[in-house]
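Listed in order, the protein sequences are those of chains A, B and C.
Okay, so the first sequence: first residue is 1 according to this note's numbering, each after it adds one.
Okay, so the second sequence: first residue is 1 according to this note's numbering, each after it adds one.
Okay, so the third sequence: first residue is 1 according to this note's numbering, each after it adds one.
The hints are simulated quantities; they were obtained by calculation from the structure and are not laboratory data.
We put the CB at the ideal spot given by N, CA and C, even for glycine.
Please note: incorrect hints may appear among the correct ones.
[To be verified] Derived coverage of chain C by chain B (criterion: at least 3 residues anywhere in the stretch with Cβ under 8 Å from a Cβ of chain B; other residues may be distant):
#1 27–34
#2 76–82
#3 174–182
[Said to hold, decoys possible] What the simulated footprint calls covered on chain A by chain C, stretch by stretch (three residues with Cβ under 8 Å from a Cβ of chain C suffice, anywhere in the stretch; the number is not a length):
#4 64–73
#5 93–104
#6 138–149
#7 174–186
#8 222–230
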Amino acid sequence: MSVQSIVHVCLAGLSTGMFIWLVASGLTLIFGVLKVLNFAHGSFYMLGAYCCFSALSLLGGNFWLGVLIGPLFVCVAGCLIERFFLRRVYQLQLPYQLLLTFAFVLVFDNLVKMVWGGGSLGSPSVPGLSGSVTILGRAFPTYNLFIIAVGPLVALGLWGLIEKTWYGRIIRAASSDREMAAAIGVRVPQMFTAVFTLGTWLGAMGGALAVPYVGLLTPGMGEAIIIDAFVVAVIGGLGSLKGAFLGALIIGLLSAFGTRFIPTFDMFLTFILMAAVLLWRPQGFFGEASR
Amino acid sequence: MGKETMHAPLLQIQHLNKAFGRVQAASDVNLDFQEGMLTSIIGPNGAGKSTLINMLSGSLPVDSGHIIFRGTDITHMPIHRRVRLGLCRSFQLVNIFPELTVFDNVQLPALAIRGRTRNLLGMLARERAVAQRVEELLDMIGLAAEARTIASALSHGDQRVLEVGIALAAEPKLMFLDEPTAGMNPVERVRILESIRRLSRQGQTTCVLVEHDMDIVFSLSDRVVVLHHGEVIGDGTTDEIQRNARVREVYLGQEVTP
Amino acid sequence: MNPRWQWAVSALALAALIGIGLFGGRFAVYLTSRVMILSIFALGYNVMFGQTGLLSFGHAAFYAAGAYGLGLFALHVTPHPLLGILVGVAGAILLATVIGFFCVRHTEIYFAMLTLAFGMMVFSLIWNMRDITGGDDGLVGIVRAPISLGLFSIPINKPQAFFFFVLFFLALTMFLIFRIRHSPFGLVLAGIRENHRRVEFAGISLKNYRLGAFVISGGFAGLAGALGTLLERNTDPFSAHWSHSAGPILVTLIGGLQTFMGPIVGSTVYIVLREIIFQYTQNWMFWFGILLLVIIMGFRGGIVGALAGKSKH
């Protein structure tokens, strides 16, 4: 177990973690503000990836154009969903909201199969970020380094938005007390739509950036990532961005170490961690105590 | 008047503290409750009455202190086990089972307290002893005629009465009633108060009321406890409390003629 | 629906089922067997969802536990169907107890999320442990052996006899669930649905009774899974997938949540609709997603108005 191995495993863990963070951030933001658990978030991630793929195919193979445009389409879908479906069920009981987003999972996951086929699509390489960098004598994909850099940027951006801007203050107000915020003049429904769209964009962006990272697009990628996002939410506390960041790091590192050193049982590690957190600190590290 | 007993107190509250941020909702509260003595807890809004009830019934954890009920330290005991021991409460806001019948609302706690609820495959219809007791209870609170009505279809006053009935059904030795007459019309008010008085006299259940209505407090209570900013500032018979200068200053002051 | 009507409708349904079993063609018998199995899954699910008010997205895992439990038992120990069913149901109950333990102490959103996560973990396990579960191929070649009872045997290897075998379990399920619904335990479950905070103040441990409802519905899911394996003679890893969890949810929504015959009506509609859509496209799940959307958005007052009581959140 050399230093080289450890460093590389850490780097792999960091890139996986940051990658999960990109997806989980959107889910957490939506839950934190709207108190809605969007089961379809994984589907937005997947749609982001597929739309990016199609966008870059149609626009001459430019990856950055794909990343820019692909998620925008998904955003529009997210915006429409919030405005015309989700908004109508806020005042209903919780089961309806959960079932609604679940219905969208069924719709989108199968929509992908219908539009892009059920097989997998290979992804193109990204000029400038393809290839690898030699770290401590071993090659590490350059693109993964890019992901490791993007993660904290997104975290910083979200933190800045929520803590430092006046809009962020409004968001915080409305998320802790919807009625109060409306009473002082905040246009809550519009704000919710905006936040949902932002969250969707984050998820779709995660998907678009995933294209070179996972190398292969499959219709099952949505469900795989949503489970990771849920586990992160449990560990970090549902609704806490800090917690999601931390949770994603932990899960990323854990699965990297697991894959490297205990290959057959690496998936158990995540379950065990989740079970442990559920037993000892059910609300997650930064979540509020439920009840 | 209730019986005075020389036994150990039914409930002992020792050095209870609870803070919400900088607000001290309970401040070194020490109280004993004797069996059979009807006590009212009064105090201005924000005095900490609800906090106290919530800590005693188990829905709010204490910061420090002890709660001893029938000799057992229940400070950290979960709600349902306190109920099993005989400590119950009714709620200020109606907290019933809306789509169940009045009968079922009362039958649920009655079955639970007798340990009948683990019965998976037996028929409810066969639980005759419990059914009889439920009918007795409904008679006592005056809802016998509404037994088959769905609870959400009752008038608000009847729902308040049912609220108390659900707490009663668990056969408590000590019952906290959180503003039981709030929102009731005079007829309903008399009915529920008569039930409380009768209950207290029968001796099986000791009642502790949280109340704002001074008429009720002074006509019904054997003892009055006054809270203010989380502290006990008065504890005695109705006469003693009415004469207590501090209490008058803080709470009753406005009613005293100069 | 008053009791006399319920009895009449149930008797009618029973007669119809017997009729199909005796006179129906192969496909009708097969399809109706699937309806009955799904009904068992949904009836059990209804105890948790309709009666107790808990919405789980991971119950397919318990179906799969029953399916694979019986499958593995039949392949490695003995193909005796009754023992296989016992093993399957026991496995499902065990799994439901473990997963339920972590899930029931949480509120609705967390509960839903956790059941989904645990359910998909079971799916991952089944998918990845190829050596044991056959991975994406599933277990194949499971024998549906006749049940020998000393002097004579019940030839459930034949479709018609198996049909009545499943019908027997459906009737048993309906009987047990009827008893549970009308028992003191069932009253507690209804109380949890109506006001989960108040039940604690009635002396009930919320966690324990929720777990009870969870495990009971898991057990029936396992029974359905075991019967499903016997029907198909193989297992399918996607039986643990969350899209399969949508099955009982849709069935109870279509058929009516707190009604007794609801799951059976719903299962019939579900299976028949699926067959019809399947003629035109493989992506029947897409249309079921749309159907679910329509139900939620459109019929909120009607069918779904009876949904899960007035749970406060």
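Inset, instruction - Determine which of the earlier numbered hints do not hold for this structure and return their numbers in increasing order. - result: 1, 2, 4, 6 and 7
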